[in-house]
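For the record, the sequence lines run as chains A and B.
Under this note's numbering, the first residue of the first sequence carries the number 1, and numbering increases by one thereafter.
Under this note's numbering, the first residue of the second sequence carries the number 136, and numbering increases by one thereafter.
Just so you know, these hints were derived from the structure itself, not from any lab.
All residues carry an ideal CB built from backbone N, CA and C; glycine is no exception.
Incorrect hints may have been included.
Facing chain B, a subset of chain A residues (Cβ under 8 Å, in silico) [unchecked claim]:
id, residue
1, Lys15
2, Ile16
3, Cys21
4, Thr27
5, Lys41
6, Leu45
7, Trp49
8, Asp51
9, Val79
10, Arg112
11, Leu113
12, Lys115
A short list of chain A residues far from chain B (calculated; beta carbon distances all over 12 Å) [what the hints assert, rightly or not]:
id, residue
13, Glu67
14, Ala103
15, Ser109
16, Ala111
17, Gln125
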Amino acid sequence: MKKNEIPQDPSALAKITKEICYAVDETGKYGTELSNGWEVKVSALDKAWQDVEQRIAAARQRVLDKEASPILFFMELHVMDIPIVAAYTGFWIWQVKKHLKPAVFHKLSEARLQKYADLFEVSIQELKTMKAHET
Amino acid sequence: MKLDFQHTQAAHCENGVTTSLLRHHGVNQINEPLAFGIGSGLFFIYIPFMKINNGPAISFRTAPGLIFKRTCKALEIPVERKKFRSKAEAEKVLQACLNAGQPVGCQVGVYYLTYFPKEYRFHFNAHNLIVFGKEGDNYLISDPVMELATSLSSYELERVRFAKGAFAPRGQLYYPKEVRAVTSEQIKKAIRTGIKRNVRDMLHVPGNIAGISGIRYTAKRIRGWRDKLGLQKAGSYLAQLVRMQEEIGTGGGGFRFIYAAFLQQAYEYHGLDELPEISKEFTKSGDIWRSAAVQAAGIYKGRLGSQSDFNTMSDYLYQTAELEKRAFVALSKIKWPA
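With the hints as constraints, model all of the structure from the sequences given.
Structure (structure tokens):
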């Protein structure tokens with residue numbers, strides 16, 4: 001890549017910083033240059049978040065249809081997966097899987113619900129009703 | 136308390152941390168391409184049975200921590216690295232280091248990293264930064280991907296140091312134990328070691344998922360993605376590939392340019408005529424990776440979508456595999472003067 005080819009497209013990162021790129025000058029020698037961002041990367045990131053949004057919407061629907069507990073919704077909302085939820089709450093993976101079932105979820109003790117509520121930064125009431133805070 | 140520490144920006148976090156810490160310790164010759172090359176940072180791996188954020192697990196770099204470890208080892212600088220069970224203990228040791236005037240490298244997760252824009256905050260745990268002081272409740276942070284130094288409250292720092300999930304940092308901190316000047320001879324030797332090890336990693340790792348064969352393997356898989364996954368999901372997979380390749384901290388295509396820059400510097404130390412020539416090959420490879428990213432973007436943005444578009448994408452990867460293979464074979468044939 002030549003220095004004059006370094007893309008300068010607006011990106012989310014540009015709000016806080018520019019990034020360093022390595023590129024060659026006219027004589028073929030390497031140096032660094034700052035870039036605002038690259039449209040190709042911006043759209044890759046957009047695509048990733050669109051996928052996340054879809055997963056959140058699908059999770060919400062499954063909870064409303066009583067196929068899954070609200071934990072699923074919050075898990076997707078926080079871009080987590082089951083091993084990550086297990087690692088943060090201290091539950092085993094198989095326990096989290098069980099808690100994803102509505103019937104099991106409804107019988108969970110306050111103490112256990114509180115662990116999930118802490119992780120997702122909501123109250124137990126909000127956890128049960130899928131009320132998320134804007135972050 | 137603020138240590139006398141010079142923040143420098145880098146293209147990749149671990150290179151940056153390695154460079155800044157070593158410079159702080161008197162290794163004035165070091166810079167990002169040298170750290171990357173001596174640490175044999177260039178790599179490729181596609182792990183077929185693993186998923187990251189519901190997409191393919193692809194990496195363009197060596198395992199987290201290796202660049203720092205190898206570079207320090209090659210320059211014969213002893214390193215301290217600690218993990219912690221207890222958060223209190225982790226903060227105590229950090230505080231003790233700072234009191235002793237020692238800036239500290241930390242591995243952190245980015246999901247709770249408050250100064251990052253929300254769009255970048257996935258559960259990625261192999262980010263690196265340097266803590267170089269504390270003012271009130273705020274730790275002073277030198278994050279190599281940022282233009283300027285920043286800060287985190289003690290709670291925020293503890294949270295990212297104890298992020299959970301794959302590569303959980305467990306409070307990990309590291310720093311060079313001694314201040315040592317390094318001679319040009321040592322750098323020369325380290326460059327040679329780094330190149331040889333990188334040749335091994337790219338050409339001779341057994342199996343077909345790592346190194347050059349890993350790039351080919353990925354190229355082959357991409358051909359099948361459209362039929363196997365459907366256009367939507369195949370698009371998401373390609374977007375993930377591009378993020379792994381170009382995004383901050385992972386910069387795969389960018390790594391080819393850094394490696395090319397490294398080879399130019401290697402020439403300044405060794406004066407072998409092959410080095411600048413091979414450097415050009417890596418520049419070409421980096422350019423092809425970028426063309427591949429443009430092609431991938433055409434697909435995930437819905438502008439392209441036929442099987443032949445996927446084949447074109449796949450061909451780009453075959454091309455880079457061929458180019459990089461030639462380049463590494465050429466590196467392996469260099470006759471190093473004793």
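Now the hints, each set against the structure:
Nearest Cβ of chain B to the Cβ of Lys15 (chain A): about 6 Å, under the 8 Å cut. The hint holds. At a threshold of 8 Å, the smallest CB-CB gap from Ile16 (chain A) to chain B is about 6 Å, leaving the interface hint in force. A least Cβ separation of about 7 Å between Cys21 (chain A) and chain B falls short of the 8 Å threshold, and the interface hint therefore holds. Because the beta carbon of Thr27 (chain A) sits about 11 Å from the nearest beta carbon in chain B, more than 8 Å, this interface hint is broken.
At a threshold of 8 Å, the smallest CB-CB gap from Lys41 (chain A) to chain B is about 5 Å, leaving the interface hint in force. A least Cβ separation of about 6 Å between Leu45 (chain A) and chain B falls short of the 8 Å threshold, and the interface hint therefore holds. Against a cut-off of 8 Å between C-beta atoms, the interface hint on Trp49 (chain A) holds, since the closest Cβ of chain B lies about 7 Å away. Given the 8 Å rule on beta carbons, the hint for Asp51 (chain A) holds: about 5 Å separates it from the nearest Cβ of chain B.
Taking 8 Å as the C-beta cut-off, the interface hint given for Val79 (chain A) holds, the closest approach to chain B being about 6 Å. Taken as an interface hint, Arg112 (chain A) does not check out: its beta carbon lies about 18 Å from the nearest beta carbon of chain B, beyond 8 Å. The beta carbon of Leu113 (chain A) is not positioned within 8 Å of any beta carbon in chain B (closest approach about 19 Å), and the interface hint is therefore violated. Given the 8 Å rule on beta carbons, the hint for Lys115 (chain A) is violated: about 13 Å separates it from the nearest Cβ of chain B.
Distance to chain B confirms Glu67 (chain A) as a non-interface residue, since its nearest Cβ pair spans about 19 Å, more than 12 Å. Distance check for Ala103 (chain A) against chain B: the nearest CB is about 26 Å away, which clears 12 Å, and the non-interface claim stands. Here Ser109 (chain A) stays apart from chain B, with its beta-carbon at least about 22 Å from theirs, past the 12 Å limit. Listed as outside the interface, Ala111 (chain A) is consistent with that label: its C-beta sits roughly 20 Å from the nearest C-beta of chain B, beyond the 12 Å cut-off.
Even its closest Cβ contact with chain B, about 24 Å, leaves Gln125 (chain A) beyond 12 Å, as expected for a residue assigned away from the interface.
In this structure, the earlier hints numbered 4, 10, 11, 12 are contradicted, and the remaining ones agree with it.
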